[in-house]
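Novice: Residues per chain, in single letters:
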Amino acid sequence: MEGIGKVSQWVIHLGGMQFKVNSTTLLMSWLIIGLILIFIVLATRRRKMVPGPWQNISELLVSWIKDLCVDALGEHWGRRYYPLICALFIFLLFCNWIGIIPFMDEPTKDLNTTLGLGIMGFFIAHGTAIKVKGLKNYITEYFKPIFFMMPLNLVGELAKVISISFRLFGNIMGGSIIIIVVSYLAYGLILPPFLYAFFGLFVGTIQAFVFTILTLVYISVQIR
Amino acid sequence: MDLTDWVKLAAYIGAGLSMGFGAIGPGVGEGYAASKACEGMGRQPAVADELLRTMLVGQAVAESTGIYSLVVALLLLFRDFSVVRWIEIPAFLAAGLCMGFGAIGPGVGEGLVAGSACESIARNPETSPVIVRTMLVGQAVAESTGIYALVVSLLMIFVI
Amino acid sequence: MDISGADIIRAAALLGAGLSMGFGAIGPGVGEGIAAAKACEAIGRNPREAGMLTRTMLVGQAVSESTGIYSLVVALLLIFVV
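Protein chains in written order, with this note's numbering: chain A, 1 to 224; chain B, 225 to 384; chain C, 385 to 466.
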């Protein structure tokens with residue numbers, strides 16, 4: 001039961017300041033980036049008219065996400081943003097799935113990962129809004145419908161970041177806590193493999209999709 | 225009773241409140257989704273597989289606030305009580321109350337979404353991809369207040 | 385176990401924060417769920433308007449979530465400020 005809420009950290013001393021680095025999260029993130037690179041190399045090597053299995057999977061994924069983006073953002077912005085959305089989805093998918101391999105931890109179990117991705121989406125959405133509408137129109141949006149709604153609109157925008165990142169973190173963290181507790185109670189006999197399949201594959205896929213599509217929707221609400 | 229006993233009492237009552245009230249919403253909501261799926265299958269048996277899939281996905285998402293309640297209850301139950309402070313008594317009670325009641329609304333609401341999605345797929349099966357997408361987005365947004373409740377509960381347990 | 389008046393006020397603030405976010409989450413949760421449910425029904429009836437319906441749904445949900453955000457703000461104020 002000691003596994004609950006434990007993080008392994010490296011402490012780096014740099015000129016009188018202390019930097020704490022979550023070592024597991026960092027290592028797993030780099031490992032996942034490596035895995036994705038291998039996947040991409042397998043998919044793009046020896047491209048043919050009649051695709052092999054790897055090329056087939058990746059083409060399916062990319063064209064599906066491209067359709068989603070063009071649907072939500074229109075032709076111009078959709079084509080522009082689909083590499084980003086596609087990368088986000090594949091990264092989250094690998095992050096949530098890696099927990100089913102023994103001794104591997106999901107980077108999304110760490111709030112820093114999800115909050116970082118959420119803040120990235122926030123800045124992309126608002127940057128695009130300023131680019132599309134111009135700074136003046138963008139600022140006047142906050143004073144609608146009446147003047148004193150401004151602080152509430154601001155809190156609403158910040159709450160989007162909190163809810164999108166805590167949703168992913170809560171689901172993955174909750175799943176891992178339940179697996180730890182059930183393995184402790186059942187001595188790891190029967191239930192955990194099914195629980196791993198449910199929380200890792202099923203919930204992981206749905207939450208990766210929801211995170212990606214909400215980032216897309218936040219961008220599309222801003223440029224509308 | 226010394227301080228440790230009081231803190232344990234508060235933590236156990238909090239765990240009960242969290243899971244007890246937290247089970248109401250997802251239970252009602254998922255039941256509603258299942259009832260709509262059954263109605264749809266009765267009307268259109270040809271799309272039964274599609275309806276079953278949509279129902280299960282919708283229910284799994286509607287259950288996540290119930291899972292948050294379970295997580296808060298487990299965190300309270302398996303806490304290390306070797307070092308206790310007085311302020312943890314109200315904090316644990318409040319954590320249980322917050323996550324317990326906070327799970328009711330999102331649970332019911334997400335169940336309504338899943339039910340309506342099943343109904344629409346039974347009426348118009350070829351639109352199912354766009355309906356499932358809208359269902360997932362709508363459920364995700366309806367869940368955000370449940371997530372705020374989880375954040376407040378975790379603050380009560382770990383930060384106070 | 386010495387309990388002063390300030391401790392009791394702090395305890396009441398924490399309990400109040402839990403109650404605020406707990407009950408405050410009920411209404412927006414149900415309401416946003418109803419909005420999304422009706423959007424799904426409408427898309428089933430008229431799939432060509434899916435984009436507009438999704439946008440309207442999200443805007444409506446954002447408005448109905450504002451009370452939930454007020455609950456969150458009050459809960460955080462009670463935890464960290466009072």
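It should be emphasised that the hints constitute simulated quantities derived from the structure, not laboratory data. Note that the Cβ used here is the ideal one computed from N, Cα and C, for glycine as well. A few of these clues could be false.
Keeping only pairs whose Cα atoms sit at most 20 Å apart, straight-line, the calculated SDA-like set for lysine to any residue is [claimed, not checked]:
#1 A/K66 - A/F91
#2 A/K66 - C/A434
#3 C/K422 - B/R357
#4 C/K422 - B/R347
#5 A/K131 - A/M120
#6 C/K422 - B/V308
#7 B/K232 - B/V308
#8 A/K144 - C/T451
#9 A/K133 - A/I162
#10 C/K422 - B/N348
#11 A/K144 - C/T440
#12 A/K20 - B/R357
#13 A/K66 - C/K422
#14 C/K422 - B/V383
#15 A/K131 - A/Y82
#16 C/K422 - B/K232
#17 C/K422 - B/T228
#18 A/K66 - A/L31
#19 A/K133 - A/L115
#20 C/K422 - B/V252
#21 A/K66 - A/A87
#22 C/K422 - B/S259
#23 A/K66 - B/V354
#24 A/K66 - B/R347
#25 A/K144 - C/Y454
#26 B/K232 - C/V443
#27 A/K48 - A/G34
#28 B/K232 - C/D391
#29 A/K66 - B/V356
#30 A/K133 - C/V443
#31 B/K232 - C/A395
#32 A/K66 - B/R357
#33 C/K422 - A/V217
#34 A/K66 - C/I387
Reference excerpt, derived from the structure (chain B facing chain C, CB under 10 Å, subset only) [to be verified]:
#35 L233
#36 Y236
#37 G240
#38 P269
#39 L301
#40 F302
Novice: Would you mind marking each hint as holding or not holding in the structure?
Specialist: A quick look at each hint next to the structure:
no.: 1; hint: A/K66 - A/F91; in the structure: holds, 16 Å
no.: 2; hint: A/K66 - C/A434; in the structure: holds, 17 Å
no.: 3; hint: C/K422 - B/R357; in the structure: holds, 14 Å
no.: 4; hint: C/K422 - B/R347; in the structure: holds, 14 Å
no.: 5; hint: A/K131 - A/M120; in the structure: holds, 16 Å
no.: 6; hint: C/K422 - B/V308; in the structure: violated, 49 Å
no.: 7; hint: B/K232 - B/V308; in the structure: holds, 9 Å
no.: 8; hint: A/K144 - C/T451; in the structure: holds, 17 Å
no.: 9; hint: A/K133 - A/I162; in the structure: violated, 25 Å
no.: 10; hint: C/K422 - B/N348; in the structure: holds, 15 Å
no.: 11; hint: A/K144 - C/T440; in the structure: holds, 17 Å
no.: 12; hint: A/K20 - B/R357; in the structure: violated, 39 Å
no.: 13; hint: A/K66 - C/K422; in the structure: violated, 27 Å
no.: 14; hint: C/K422 - B/V383; in the structure: violated, 39 Å
no.: 15; hint: A/K131 - A/Y82; in the structure: holds, 18 Å
no.: 16; hint: C/K422 - B/K232; in the structure: violated, 45 Å
no.: 17; hint: C/K422 - B/T228; in the structure: violated, 50 Å
no.: 18; hint: A/K66 - A/L31; in the structure: violated, 26 Å
no.: 19; hint: A/K133 - A/L115; in the structure: violated, 27 Å
no.: 20; hint: C/K422 - B/V252; in the structure: holds, 18 Å
no.: 21; hint: A/K66 - A/A87; in the structure: holds, 12 Å
no.: 22; hint: C/K422 - B/S259; in the structure: holds, 17 Å
no.: 23; hint: A/K66 - B/V354; in the structure: holds, 15 Å
no.: 24; hint: A/K66 - B/R347; in the structure: violated, 28 Å
no.: 25; hint: A/K144 - C/Y454; in the structure: holds, 18 Å
no.: 26; hint: B/K232 - C/V443; in the structure: violated, 44 Å
no.: 27; hint: A/K48 - A/G34; in the structure: violated, 24 Å
no.: 28; hint: B/K232 - C/D391; in the structure: holds, 19 Å
no.: 29; hint: A/K66 - B/V356; in the structure: holds, 18 Å
no.: 30; hint: A/K133 - C/V443; in the structure: holds, 18 Å
no.: 31; hint: B/K232 - C/A395; in the structure: holds, 16 Å
no.: 32; hint: A/K66 - B/R357; in the structure: holds, 15 Å
no.: 33; hint: C/K422 - A/V217; in the structure: holds, 19 Å
no.: 34; hint: A/K66 - C/I387; in the structure: violated, 62 Å
no.: 35; hint: L233; in the structure: violated, 14 Å
no.: 36; hint: Y236; in the structure: violated, 16 Å
no.: 37; hint: G240; in the structure: violated, 14 Å
no.: 38; hint: P269; in the structure: violated, 18 Å
no.: 39; hint: L301; in the structure: violated, 18 Å
no.: 40; hint: F302; in the structure: violated, 20 Å
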